[in-house]
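Engineer: Take a look at the letters that make up each chain.
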Amino acid sequence: MADILFHLFAFLTIGSSVAVVYNHNAVNSALAFLVGLVGVSGLFVLLDSFLLAVLMVLVYAGAVVALFLFIIMLLDMQGGERPPFSKPTAVAGLIGAALLTVCTMTLIRNFGGLETAEMGAIVPVGANLKHYADQLFTTYLLPVQVVGFLLLIAMLGVIVLSKKFEGMEDVK
Amino acid sequence: MSVGLTEYLTVAAVVFAIGFVGVLIRKNTLVIYMCLELMLVASTIAFVAFSRFNGTMDGNVFVFFILTVAAAEVAVGLAIIVALFRRRQTVQVEELNALKN
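Order-wise, the sequence lines are chains L and B. No gaps in the numbering here: position 19 of the first sequence is 19 in the working numbering, and each next residue is one more. No gaps in the numbering here: position 39 of the second sequence is 211 in the working numbering, and each next residue is one more.
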């Protein structure tokens, strides 16, 4: 059952990632990204990280994609008649894709898959909320504080960036 | 055959590759940004899979920080794109060539 679900979510994720890249309309790309995030959070559930699955939907699908859609509506840009892809960069993209495919193939062929125990034999520590709290407030206390400051700085930066300065026209 | 670590890593690598190609070939700045997010999400899949098969918490906690940084990054990046659009009236990368020559 878990295997079938894995393949379902994996195809959902990969298929919608392709849709993000190949949709000519930015709104369609954003909605495909949303579907892909649902697939990723399904994968997280299969990996027993329930909290991260919920956070993925809340933060990414709830906040990030909504923000993207807002900006797309706000800017109201139509691609026009220009093609959304360009030829020289298509070559670069092909090279990049080939490189990453080769990396994956080497991983699978040379190591015959990584040697790990069966999933059932390992204790799913990520399923327990207590472990998150335990780690976040002991080992990772400093990073939590730093990330809090990062969010504050990002908020201030966004306010400054989106403000209109009347007296700064000469900066142009 | 049961689904193991390799399958999850393969999914992560494929999604990362698709996001990478998207960053290279798309011309719309917003879609490029979405592809960047796709690459971040792919890395979180790998983190959670490693953490699950290793029986440790560190990968899961790291995904926490990735989520936070991604949220901050999106807010700032989209503000920059909006400011750019106000100034130049476009978000297509081939028209943003003020530094060329």
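Honestly, the hints are just simulated from the structure, not real lab data. Note that the Cβ used here is the ideal one computed from N, Cα and C, for glycine as well. Some hints here could point you the wrong way.
[Unchecked claim] Taking lysine-lysine pairs in the DSSO-like style, the calculated list, with each CA pair at most 30 Å apart, reads:
{"no.": "1", "chain 1": "L", "residue 1": "K130", "chain 2": "B", "residue 2": "K199"}
{"no.": "2", "chain 1": "L", "residue 1": "K130", "chain 2": "B", "residue 2": "K272"}
{"no.": "3", "chain 1": "L", "residue 1": "K163", "chain 2": "B", "residue 2": "K199"}
{"no.": "4", "chain 1": "B", "residue 1": "K199", "chain 2": "B", "residue 2": "K272"}
{"no.": "5", "chain 1": "L", "residue 1": "K87", "chain 2": "B", "residue 2": "K199"}
{"no.": "6", "chain 1": "L", "residue 1": "K163", "chain 2": "B", "residue 2": "K272"}
{"no.": "7", "chain 1": "L", "residue 1": "K164", "chain 2": "B", "residue 2": "K272"}
[Unchecked claim] Where chain B lies over chain L, by a calculated footprint (3+ residues, C-beta under 8 Å):
{"no.": "8", "segment": "101-108"}
{"no.": "9", "segment": "121-129"}
Engineer: Out of the numbered hints, which ones does the structure contradict?
Structural biologist: 1 and 2
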